[in-house]
Amino acid sequence: MKKQNFENFGNAIFSQLKDYEELNLTFSMEDSLFLRFNEGKSRQVTDVTQGSVHFTYQENNRTFKYQMPYTADVNLNLKRAENALNICREKTKTLPKDSFQVPMENLGESEEIFKGKLPTLEEVTNTLFSKTKGLDFVGCLAMGEQIRANMNSKGQQHWFESENFQIDYSFFTAGQKALKGLYAGREWNSEKFGEQLDLAKAEIEVLKRPEKKLSRGKYKVYLAPAALSEVVDMISWGGVSYSALKRGHCAFKMIHDGKMDFSPKFNLMEDFGLGLTPKFNERGELAPSKLTLVEEGKLENLLINSRTAKEYGIDSNGAGSHEGMRSSRVKTGELKKDEILKTIGNGIYISNLHYLNWSDVQKGRLTGMTRYACFWVENGQVVAPIADLRFDESLYNIFGSNLESVTEFGEIIPHVGSYDQRSLGGKEVPGMIIKDFHFTL
Amino acid sequence: MLNKLLKNLGHGADWIGLREVEESNTSVYIRNGKPEANNQYLDHGIMVEVLVDGNFGYAATDDLSLAGVKKAFEKAKSLARQFSPHKIYSFDKSFRPVARGKYNTASKMDLDKMSMGEINDFLSLTCDRLGKREEIINSHAHVMLTDSKTRFVSTNGSEFETNQHIINHELSVTAQKGSEIQTRSWGNASQIGLELLNRDIFFAQGERIVNEVVELLNAKECPSETMDILVAPDQMILQIHESIGHPLEVDRILGDERNYAGWSFVNKEDFGKLKYGSELLNITFDPTFEGELASYDFDDTGVKAEKTYLIKNGLLLRGLGGIESQKRSGIEGVANSRASSWNRAPIDRMANINLDPGTSTLKDMVKNIKRGVYLFTNRSWSIDDFRNKFQFGCEYGKLIVDGEIKETIKNPNYRGISTPFWNNLTMVGDSSTLEVNGTSYCGKGEPNQAIRVGHASPTCLFKDVEVFGGA
Ligand SMILES: [Zn+2]
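Which chain is which? The protein sequence lines are Y and G, in order. My numbering puts the first residue of the first sequence at 1, with every later residue one more than the last. My numbering puts the first residue of the second sequence at 1, with every later residue one more than the last.
Read the hints as simulated data drawn from the structure, not as lab findings. Heads up, some of the hints might be wrong.
Stated by the list, open to error - Straight-line C-alpha distance at most 25 Å; calculated DSS-like pairs for lysine-lysine:
#1 Y:Lys18 / Y:Lys131
#2 Y:Lys246 / Y:Lys336
#3 G:Lys34 / G:Lys108
#4 Y:Lys131 / G:Lys87
#5 Y:Lys259 / G:Lys177
#6 G:Lys7 / G:Lys71
#7 G:Lys220 / Y:Lys363
#8 Y:Lys41 / G:Lys34
#9 G:Lys268 / Y:Lys41
#10 G:Lys34 / Y:Lys65
#11 G:Lys398 / Y:Lys97
#12 Y:Lys79 / G:Lys4
#13 G:Lys370 / G:Lys398
#14 Y:Lys259 / G:Lys220
#15 Y:Lys246 / G:Lys177
#16 Y:Lys310 / G:Lys370
#17 Y:Lys41 / Y:Lys218
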C-alpha cells in the first residue's frame with residue numbers, strides 16, 4: 001500500500017515534467033515509538049509518525065533541492081507536490097549554472113523488505129520494568145518501521161523497509177559507575193532480553209569496587225568494540241572522504257600522501273552485507289556490496305560520490321552526499337575473548353569512549369574520554385573501575401605501530417542516532433589491544 | 001485551525017495541548033565561487049500532548065487533518081495510560097500553566113525580500129574575494145534562512161505563538177603551503193532579518209580571514225606550557241556552553257540523560273553553595289536578549305521566559321530546569337523546557353546563556369599577561385559525561401609576552417577541569433568586547449534533539465591553563 005502510494009505519487013509528478021526537466025525523489029518515512037526510562041521508571045513516551053519527500057530538480061544545468069512533508073493523505077501529498085514543482089521551476093530560474101551537476105540516469109530497481117516481530121507494549125513493560133525493578137536503569141527504547149525509497153524521472157526505483165527495535169540502556173551503581181548495553185534487532189525475544197539484563201546485573205558487581213585514579217601517561221589498553229566504534233565514527237567524519245581530502249579536512253591525508261602507514265592488522269571496508277541500511281544513496285545510486293578502504297594497513301579507496309567525481313574528473317563509488325561510511329566493517333583478527341585480560345597484562349579495559357573530536361585533524365590526532373565500564377587490569381585480572389581519563393592520540397598510533405592485536409570476534413553496532421528521524425546503518429567492529437595509549441588529563 | 005482541532009478531538013484526557021510547528025529553511029551554499037547547494041526545506045506537523053493518569057503522553061503527526069490528529073490523540077492517551085503505573089513522577093495540570101501571547105523576532109527586513117538568485121549573487125561576490133590568494137585551496141560562503149512558527153493551544157486556555165526569523169551564516173577559507181593546511185572561518189547564528197547580509201561587513205570579514213589563514217601557514221606551533229589564556233567571544237561560546245550550560249541542566253542532574261548526553265558534576269545540594277567560579281563570574285539565562293538566537297516569550301510548556309541569574313559573583317544559584325524538573329528536583333529553575341520541533345517532547349535545554357561583561361578593557365587585560373595566548377574561534381570541543389575534563393581547540397592564536405600581543409601561532413589547544421578553570425577567571429572584558437554568538441546544533445535527548453542556543457560573552461582572561469599545540 002505504502003509502496004503503491006509512493007509509485008503513484010512519483011509517476012503523477014514525473015508526468016508533469018517537460019523534456020528538459022529532471023527530477024529525483026527521495027522518501028523517508030517512519031512510524032516510531034520512543035520510551036525514555038530513568039531509575040527503572042518511565043520518564044517520557046512519544047510516538048512519531050512522519051515522512052518527507054526530497055526533490056532534486058535539474059534543468060538547463062541548474063540545480064535546486066526542495067523538501068516537503070509526505071503524509072498518509074494521498075491527495076494532500078499530490079497538492080503539495082504540484083506546488084513544490086512550481087516552486088522548483090520559479091526558484092531555479094534565478095539560479096546560476098551548477099558546474100558539477102550530474103545528469104540523472106535510470107540506475108535500475110531494487111527492493112528490500114525486512115519485516116520484524118516487534119514487541120507489544122505489554123511485552124516491553126513486562127520485561128523492561130519487571131526485570132529492572134529496584135535497579136538504576138536508564139535509557140531509551142526506539143522501535144517501529146523505517147522506510148527509505150527513491151525514484152527518478154528516468155525510471156529508476158528503490159525501496160527499503162525495515163521493522164526493528166533498539167533498547168539502548170545503562171545500569172548505574174550508587175557510586176555513579178555504569179554498564180552500557182544495547183538490545184537491538186528485528187525479532188523481539190523477551191527471554192533473550194531478560195538473559196541479557198541478568199548478565200548485566202552480574203557484571204555490574206565489579207563496578208561497585210572502589211574506583212582507581214590513574215595518573216596521566218601511557219597505558220596498554222583494550223578498546224572493546226563499542227569503544228572502537230567511536231573511533232571509526234571519527235574516521236567517517238571526513239577521514240575517508242575524497243572531497244574532504246581535496247578541501248583540506250581529511251584525517252587520512254598523511255596515509256594518502258604516503259607519509260604514514262597503518263599496521264597490516266588494520267583492515268577497513270564498507271560492507272552492505274550487514275543489511276542495516278540500503279545500498280542506494282540519496283540519488284538512488286548503488287554502492288558496491290563491498291568496498292575496501294584500508295587493506296593490511298594500506299589505503300586502497302576513499303569514498304567518492306558522483307558530484308565529487310564530476311568535479312575532480314574521477315569515478316564515483318556510490319558514496320552518499322557526505323562521503324561517510326554507512327555500513328562499515330573492521331576486519332577481525334586472532335585474539336580470543338578469554339585471552340583479552342591476559343594480553344592486557346597491566347593496563348586498562350575500555351568498554352566505551354565519549355565525545356571524540358580532532359585535536360589536530362591534519363595529523364590524524366584525536367581526543368576523547370573514557371566512559372562507563374572501564375577497568376584497571378593488573379596481572380591479567382580486573383582490579384577496579386577507573387576514574388575517567390582523557391586521551392589524546394593519533395590514528396597512526398592507534399591503528400599503526402601501537403596496534404598489537406585484534407579480537408577474533410566482531411560485534412554489530414547499529415546506529416542508534418535519531419536527530420530529526422531514526423537513522424539506519426551501523427557497523428561491525430572487533431576489539432583491539434593498543435600499547436602506549438596516551439592519556440593527558 | 002488549531003483551536004478547532006482541539007475542540008473536536010474528543011475526551012479521555014485530563015489535559016490536552018497541541019503544538020504545531022511550521023518551519024522553512026532556505027539554504028544557499030557557494031564554494032569556490034560556484035553554487036554547491038540551493039535548497040528549500042519545509043517541515044510541518046503537530047505534537048499532541050495529553051495528561052492521563054498523572055502521566056504525559058506524546059504523539060506527533062504530520063497528518064494535519066482532523067482524522068490524523070485524532071489518531072495521534074488516541075495514541076498519546078493509550079501510551080500515557082499504559083506507562084502510568086511505571087511513571088517516574090505524578091504530574092498534574094499545574095505543570096502546564098496558561099500562556100497567552102505572541103512573540104516575533106524584531107527584524108528589519110523580511111527573509112523573502114531577496115530572491116534565491118540575489119542571495120547567490122551576494123555570496124558569490126563574497127566568495128570571489130575569499131579565493132584570491134594562491135594558497136587558498138577551498139573557500140565557501142553559506143547562509144541558511146529559517147522562518148519558524150510555533151503555535152500552541154491547550155484545554156486550559158493557553159494560546160501563544162512564537163515566530164522567529166533566524167539566519168545561520170558562515171565564511172570559511174582553507175589554505176595550503178607544502179604539507180601545512182589551515183582553516184579560518186567567520187560565522188554566527190542569530191534572530192535577524194536579511195539586513196544581516198551587508199556587503200561591507202561580509203567583504204571585510206572575508207578579507208580578515210583570508211589574511212589570517214595565510215598568516216597561519218607561516219606561523220609557529222602553539223607552545224606547550226601552563227600560561228594565561230585570553231579568550232575571544234567566539235571561543236567563549238563553547239566554553240560557556242559545555243562547562244556551564246550543560247552541567248546546570250537539571251534533567252542531567254536528575255539522571256535522565258545518563259545514557260546519552262551524560263550526567264553532571266553538579267549535585268542538587270550545590271545550589272546556593274557551590275563556588276562555581278571567581279567573583280567575576282556572572283551568568284544569566286536571558287531569553288529576552290534582542291537578536292540572540294534563543295530568545296522567546298514562553299517555553300514549550302507555556303512557562304513565561306524571563307532573565308534570571310544562574311551564577312552571581314561566582315556562586316551557583318539556580319539550575320536550567322523547566323517546570324517538570326523543578327518539581328522533581330526541588331531546584332529552582334527557568335523557562336527552558338523546549339522541543340527541537342513538532343516531532344519531539346520538550347526537555348531541559350539551554351536558551352541564551354550569557355556571561356555579563358566586566359570592567360576591564362582589552363588593553364588592560366593584555367597588559368596584565370606576562371606570558372599567554374589570545375585564542376580565537378572554536379574548531380574542536382570535547383568534555384566528559386560529567387562535564388569536568390574539557391579540551392578545546394581554536395583556529396587562530398596570538399602569543400602575548402610581557403603585556404604585548406606578539407606573533408600569530410597555529411593549532412592552539414587547551415585543557416582543564418570546569419570549576420577550577422572558572423575559578424581562575426581573573427579579568428572580564430567590558431561591554432566593548434562583548435559579542436553575541438549562537439549555534440543551531442546543541443544536541444541531547446533520547447530521541448535526539450538538536451536545538452538553537454545563544455551565548456553572549458565578553459573577552460575573558462584565565463590564569464594558569466594547560467596550553468598545547470598540534471602534533
Ligand atoms: Zn550542547
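inquiry  = Can you confirm whether the C-alpha distance between Lys79 of chain Y and Lys4 of chain G stays at or below 25 Å?
reply    = Since the Cα atoms of Lys79 of chain Y and Lys4 of chain G sit roughly 23 Å apart, the hinted pair holds (cutoff 25 Å).
Hinted pair Lys41 of chain Y and Lys218 of chain Y, Cα distance within 25 Å = Violated, at about 41 Å.
task = Please work out if Lys310 of chain Y and Lys370 of chain G have their alpha carbons no farther apart than 25 Å.
result = 53 Å, violated
message = Check whether the Cα positions of Lys246 of chain Y and Lys177 of chain G lie no farther apart than 25 Å.
response = 14 Å, holds
inquiry  = Holds or violated: Lys41 of chain Y and Lys34 of chain G, Cα atoms, limit 25 Å.
reply    = Outside the cut-off at roughly 53 Å; violated.
message = Given the hinted pair Lys246 of chain Y and Lys336 of chain Y, is their Cα-Cα distance within 25 Å?
response = Given pair Lys246 of chain Y, Lys336 of chain Y is violated - Cα atoms ~40 Å apart, limit 25 Å.
ask   = Do the alpha carbons of Lys7 of chain G and Lys71 of chain G lie within 25 Å of each other, as the hint requires?
value = Measuring from Cα to Cα gives roughly 15 Å; hence the hint holds.
ask   = Would the pair Lys131 of chain Y and Lys87 of chain G pass a check requiring their Cα atoms to be no farther apart than 25 Å?
value = 16 Å, holds
task = Starting from Lys34 of chain G, check that the Cα of Lys65 of chain Y is at most 25 Å away, please.
result = 16 Å, holds
request  = Assess, step by step, whether the Cα of Lys18 of chain Y is no farther than 25 Å from the Cα of Lys131 of chain Y, and give holds or violated.
outcome  = 61 Å, violated
inquiry  = Tell me if the straight-line CA distance from Lys370 of chain G to Lys398 of chain G falls inside 25 Å.
reply    = The hint holds at about 13 Å.
query = Taking 25 Å as the top limit, are the C-alpha atoms of Lys220 of chain G and Lys363 of chain Y close enough?
reply = 16 Å, holds
Violated hints for the displayed structure, listed by number in ascending order: 1, 2, 3, 8, 11, 16 and 17.
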